[in-house]
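First to last, the protein sequences are chains V, G, P and A. If you count by my numbering, then the first sequence holds residues 23 to 173, one letter each, in order. If you count by my numbering, then the second sequence holds residues 23 to 173, one letter each, in order. If you count by my numbering, then the third sequence holds residues 1238 to 1320, one letter each, in order. If you count by my numbering, then the fourth sequence holds residues 1238 to 1320, one letter each, in order.
Be a bit skeptical, because a hint or two may be false.
As the list claims (entries may be wrong) - Capping the alpha-carbon separation at 30 Å, the derived lysine-lysine pairs in BS3-like fashion look like this:
hint : chain 1 : residue 1 : chain 2 : residue 2
1    : P       : K1247     : V       : K157
2    : G       : K106      : A       : K1249
3    : V       : K169      : G       : K169
4    : V       : K106      : G       : K106
5    : A       : K1247     : G       : K106
6    : P       : K1249     : V       : K106
7    : A       : K1274     : G       : K88
8    : G       : K169      : G       : K106
9    : A       : K1274     : G       : K169
10   : V       : K169      : P       : K1274
11   : G       : K88       : V       : K157
12   : A       : K1274     : A       : K1249
13   : G       : K157      : G       : K169
14   : P       : K1274     : P       : K1249
15   : P       : K1247     : P       : K1274
Just so you know, these hints were derived from the structure itself, not from any lab.
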Amino acid sequence: MIRVQTEDFDIGAEIAALTAGRGDIGAIVTFTGTVRDQHGAVTELTLEHYPGMTETELHRIEAEAKSRWPLQASLIVHRVGTLKPGDNIVLVVTASAHRDAAFDAAKFLMDYLKTSAPFWKRETGPDGANWVDAKSQDDDAAARWQKRAAE
Amino acid sequence: MIRVQTEDFDIGAEIAALTAGRGDIGAIVTFTGTVRDQHGAVTELTLEHYPGMTETELHRIEAEAKSRWPLQASLIVHRVGTLKPGDNIVLVVTASAHRDAAFDAAKFLMDYLKTSAPFWKRETGPDGANWVDAKSQDDDAAARWQKRAAE
Amino acid sequence: MRVLYFAWVKDKAGIAAEDINPPASVTTIAELMNWLKARGPEFANAFERADVIRAAIDHSHVRHDARIAGAREIAFFPPVTGG
Amino acid sequence: MRVLYFAWVKDKAGIAAEDINPPASVTTIAELMNWLKARGPEFANAFERADVIRAAIDHSHVRHDARIAGAREIAFFPPVTGG
């Protein structure tokens, strides 16, 4: 399941909804990304995205994770709009019978989301606003999964 | 922080307590272990532990994780007593500036907890009760971290 | 065809979306960027670092040598920074 | 010294904790297990698979060749299965 929204999310409620009434789940991993203030340099973070393509990409990434690991449930929630330091940005939840699948799938979802989902961050601080540069280590992290798939 | 308790835990509330008022956290990973019904073979799971040694081991494991990764906060909560399928057993939370540290530390905490914290599971089902056997893959998972530290 | 711009590509171009009608000689994403660039100083500025700009055709990531024939919607944007 | 038993070691021994006074010739965990084993059929049964049983001295995991001199509390248990 994937969602793009301006509202915050409630991690406990999301897990409860995903796992309600299921006895076949043994391991649930969540990743939450939050806004860092970077020692006062960031007072506001604005997230822009490409409506339509965002959903297509998130569905594609989730389907790829489900084809690689035996997941009982998964969820990606990404916020857009203007956020403050400490605010939640993104939530990934993976549920599986065993912990390795849940951990690896959650990491994979984040690595792929970071390099392929069309979101852009603009940071505002005392010195003005600017678009955040992409990190080469994010490309490296995503590329590692491609190597593993090819092996 | 570590806790051993019979009561359930609220993942959202635990995260909120760990991260309240902090602008230096960018990534929060949680692992939740839950009771599987194993297709009806398990109707009840009882967790026994070694009071005193359990706390000592959990503190040691947490300190080891903090020495290996830059963690802003961490938490281990483990339940004891009698649980039902779907119930929470264990919660691990790690918070860091970046996602790799949070993911790796959470995985490490679970791998070490599984092989060194003195808890024992007894499953009850239609055919009676029996103590759960330890898994050799858990020893392998913990040993991998020792190899990495030695490299 | 519809063209969309995002993040700093949009800011520099001064426009978020438009309908364009490039000549038949423009067949790839790279050629389309060159054609857009020639339309004025804002576009010249937006596409100055064409090598770092990413493109999508009808919601799928494509490389700069991708052919644009049949595209309904083409988007240009910087490397993504979500998550 | 105080000795504790957990999980199936406890179930088989039929006791959770006791104070013991082994002779001075018993110096290691392995020797203590052999001494306990000789005390009756329940203990013989509990320590039959001595090789898989884990031990702790004063809340720290130890190997079977660990010396027990000075120990206040020794625990015997199966491999742990928490998490």
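Against the structure, the hints:
Restraint check for K1247(P) and K157(V): the C-alpha separation of about 21 Å stays at or below 30 Å, so the hint holds. About 25 Å separates the Cα atoms of K106(G) and K1249(A), which keeps this hinted pair within 30 Å; it holds. Distance restraint check for K169(V) and K169(G): the Cα-Cα separation of roughly 23 Å lies within the 30 Å cut-off, and the hinted pair is therefore satisfied. Of the pairs offered as hints, the one joining K106(V) and K106(G) is violated, with about 40 Å between alpha carbons and a cut-off of 30 Å exceeded.
Annotation: proposed proximity of K1247(A) to K106(G) holds, straight-line Cα distance about 23 Å (limit 30 Å). Proximity of K1249(P) to K106(V) is assessed by CA-CA distance (about 25 Å); at most 30 Å being required, the pair is judged to hold. Simply put, K1274(A) and K88(G) have alpha-carbon atoms about 41 Å apart, too far for the 30 Å limit, and the pair is violated. Proposed proximity of K169(G) and K106(G) is contradicted: the alpha carbons are some 37 Å apart, above 30 Å.
The hinted pair formed by K1274(A) and K169(G) fails the criterion: a straight-line CA distance of about 36 Å is larger than 30 Å. Of the supplied pair hints, the one linking K169(V) and K1274(P) is violated, its CA atoms being roughly 36 Å apart against a limit of 30 Å. With a C-alpha separation of about 25 Å, the suggested pair K88(G) and K157(V) falls inside the 30 Å cut-off, and the hint holds. At roughly 11 Å between alpha-carbon atoms, K1274(A) and K1249(A) fall within 30 Å of each other, so this suggested pair holds.
Distance hint between K157(G) and K169(G) is fulfilled; the C-alpha atoms sit about 19 Å from each other, no more than 30 Å. Proposed proximity of K1274(P) and K1249(P) is supported: the alpha carbons are some 12 Å apart, at most 30 Å. For the hint pairing K1247(P) with K1274(P), the CA-to-CA distance comes to about 13 Å; that is within 30 Å, so the pair holds.
Hints 4, 7, 8, 9 and 10 from the list above are not met by this structure, while the remaining hints are.
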